[in-house]
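*Asks:* Given the coordinates of chain A, work out where chain B should sit on it, guided by the hints.
Heads up: the protein sequence lines correspond to chains A and B, in order. Going by numbering that gives the first Met the number 0, the first sequence opens with residue 0, and the numbers climb by one from there. Going by numbering that gives the first Met the number 0, the second sequence opens with residue 0, and the numbers climb by one from there.
Take these hints with a grain of salt, some might be off.
[Said to hold, decoys possible] Taking lysine-lysine and the DSSO-like style, the derived pairs with C-alpha atoms no more than 27 Å apart in a straight line are:
| no. | chain 1 | residue 1 | chain 2 | residue 2 |
| --- | --- | --- | --- | --- |
| 1 | A | K77 | A | K64 |
| 2 | B | K43 | A | K142 |
| 3 | A | K22 | B | K77 |
| 4 | A | K64 | A | K22 |
| 5 | A | K22 | A | K71 |
| 6 | A | K71 | B | K78 |
| 7 | A | K98 | A | K142 |
| 8 | B | K1 | B | K22 |
| 9 | B | K43 | B | K22 |
| 10 | A | K97 | B | K72 |
| 11 | A | K71 | B | K72 |
| 12 | A | K77 | B | K72 |
| 13 | A | K64 | B | K78 |
| 14 | A | K98 | A | K64 |
| 15 | B | K72 | A | K64 |
| 16 | B | K77 | B | K64 |
| 17 | B | K78 | A | K22 |
| 18 | B | K64 | A | K22 |
| 19 | B | K22 | B | K44 |
| 20 | A | K142 | A | K97 |
| 21 | B | K64 | B | K78 |
| 22 | A | K22 | B | K72 |
| 23 | A | K64 | B | K77 |
| 24 | A | K142 | B | K44 |
| 25 | B | K64 | A | K97 |
| 26 | B | K77 | A | K71 |
| 27 | B | K77 | A | K77 |
| 28 | A | K64 | A | K97 |
| 29 | B | K44 | B | K1 |
| 30 | B | K64 | A | K64 |
| 31 | A | K22 | A | K77 |
| 32 | B | K1 | B | K43 |
Hint data in this document are derived by calculation from the structure and do not stem from the laboratory.
These are the residues of each chain, in order.
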Amino acid sequence: MGAIQNKLEGPVSDELTLVRAAKQGDDSAFEELVRRYDRNVFRIAQHITQNREDAEDVVQEAFLKAYGNLQKFQEQSKFYTWLVRIAVNEALMKLRRKKPERTVSLDEDIKTEDDSLPREIADWSPNPEQQYTQAELREILSKTIQGLPPGFRTVFVLRDVEGLSTEETAAALELSVPAVKSRLLRARLQLRERLGRFFQRRENNGDGNRGDGNQ
Amino acid sequence: MKCAEFLHELTNYLDGVIDENTKVELENHLSWCHNCYVVCDTTKKTIEIYRDSQLYELPEDLRGKLRAAIMTKCQQHKKRGPESA
Chain A
0 MGAIQNKLEG PVSDELTLVR AAKQGDDSAF EELVRRYDRN VFRIAQHITQ NREDAEDVVQ
60 EAFLKAYGNL QKFQEQSKFY TWLVRIAVNE ALMKLRRKKP ERTVSLDEDI KTEDDSLPRE
120 IADWSPNPEQ QYTQAELREI LSKTIQGLPP GFRTVFVLRD VEGLSTEETA AALELSVPAV
180 KSRLLRARLQ LRERLGRFFQ RRENNGDGNR GDGNQ
Chain B
0 MKCAEFLHEL TNYLDGVIDE NTKVELENHL SWCHNCYVVC DTTKKTIEIY RDSQLYELPE
60 DLRGKLRAAI MTKCQQHKKR GPESA
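Chain A on its own, in the form it takes in the complex:
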C-alpha cells in the first residue's frame, strides 16, 4: 500500500514574486494570488462553516485581510500558509457567531485518551463510491464530515483535501506537530467508520444496497 500523494501545486518562488509585487502596490499581482488560491480558501471555508454563504464571506474577508496586512507578512512562511491561517480564523469566527452557546475552537472535543481500536472493522465494497450517483456521494461525504468536531475536520481538510504538509498545517492552525498528527488520525478513523455505514461490503448485493444509513 503506497503513501497518499499530496496535491499542492504552483511553484513557491513564483508566489513570492507575486507577493513582493503586490506589496509594492501592484494590484494585478494580488489579483493573481486571489485567482491562484480562491478555490482552496472556499473549500476550506465551506468545510469549516458547512455553509455556502458563510464560505463566500470568508473568501472575501480573508483576501481583504491579507491585502490590508500584506506589509506585515514576513515571508518566513509561504503566503498560502499565511492566507490559510487568516481564512481558518475567519471561518471559526463565523461558526462561533452561529453557535454562541458553544465555544468553538480548535481544541474543542479533542479527547486525549489512548488510541482505541476502531469498532467497525467490516470491509468495504471494491469501488464503494460507484454505488452512488455523484449527487448522492456528495451528500454522504458532506453529512459525514459535518459530524466531526470543527477541530478535527479543519485538520483533515488542510492535510488530506488541500494537501498541506503536517508542518504547514501546524503553522496555519498554531498547533504542535504531534497535535496535528493526533487529530488527523482521529479524524481519518472517525470518517472511515462513519463512511463504512454506506460503503460496507454486503453479502446480499440485491435490494437495500444503497445504504441510506438512516441518518
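*Replies:* Same frame as chain A, now just chain B:
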C-alpha cells in the same frame, strides 16, 4: 507489533513518513492481521474519496463575482488608507 501500535503509526504510514524498520514491522503486521489490513485499506480509501470528491468546488460564475468584489474592496481600502484594514 500489536494492533494499538499499528494504529498509532497508521497516519505516518499512510503519509509515507516512516523509517524503513518500522515500515517492515507494519507490513509484517498487515500480512497476518486482517482487521488492521481492513482499517488501513479503508482509511486510505476514505482519504482518496474525499480528496477526489470535488466537494465544495467554487463555480466559475460565482468565482468571478467574488474576485471582482474582493478587488473592488481592495481598491476602496487603498483609497481609505491602511488604518482601515
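*Asks:* Give a verdict on every hint.
*Replies:* Status of each hint after checking the structure:
| no. | hint | in the structure |
| --- | --- | --- |
| 1 | A:K77 with A:K64 | holds (16 Å) |
| 2 | B:K43 with A:K142 | holds (19 Å) |
| 3 | A:K22 with B:K77 | holds (12 Å) |
| 4 | A:K64 with A:K22 | holds (13 Å) |
| 5 | A:K22 with A:K71 | holds (10 Å) |
| 6 | A:K71 with B:K78 | holds (19 Å) |
| 7 | A:K98 with A:K142 | holds (18 Å) |
| 8 | B:K1 with B:K22 | holds (14 Å) |
| 9 | B:K43 with B:K22 | holds (16 Å) |
| 10 | A:K97 with B:K72 | holds (25 Å) |
| 11 | A:K71 with B:K72 | holds (19 Å) |
| 12 | A:K77 with B:K72 | holds (24 Å) |
| 13 | A:K64 with B:K78 | holds (15 Å) |
| 14 | A:K98 with A:K64 | holds (23 Å) |
| 15 | B:K72 with A:K64 | holds (10 Å) |
| 16 | B:K77 with B:K64 | holds (20 Å) |
| 17 | B:K78 with A:K22 | holds (15 Å) |
| 18 | B:K64 with A:K22 | holds (24 Å) |
| 19 | B:K22 with B:K44 | holds (20 Å) |
| 20 | A:K142 with A:K97 | holds (18 Å) |
| 21 | B:K64 with B:K78 | holds (21 Å) |
| 22 | A:K22 with B:K72 | holds (16 Å) |
| 23 | A:K64 with B:K77 | holds (12 Å) |
| 24 | A:K142 with B:K44 | holds (17 Å) |
| 25 | B:K64 with A:K97 | holds (25 Å) |
| 26 | B:K77 with A:K71 | holds (16 Å) |
| 27 | B:K77 with A:K77 | holds (24 Å) |
| 28 | A:K64 with A:K97 | holds (21 Å) |
| 29 | B:K44 with B:K1 | holds (23 Å) |
| 30 | B:K64 with A:K64 | holds (18 Å) |
| 31 | A:K22 with A:K77 | holds (15 Å) |
| 32 | B:K1 with B:K43 | holds (20 Å) |
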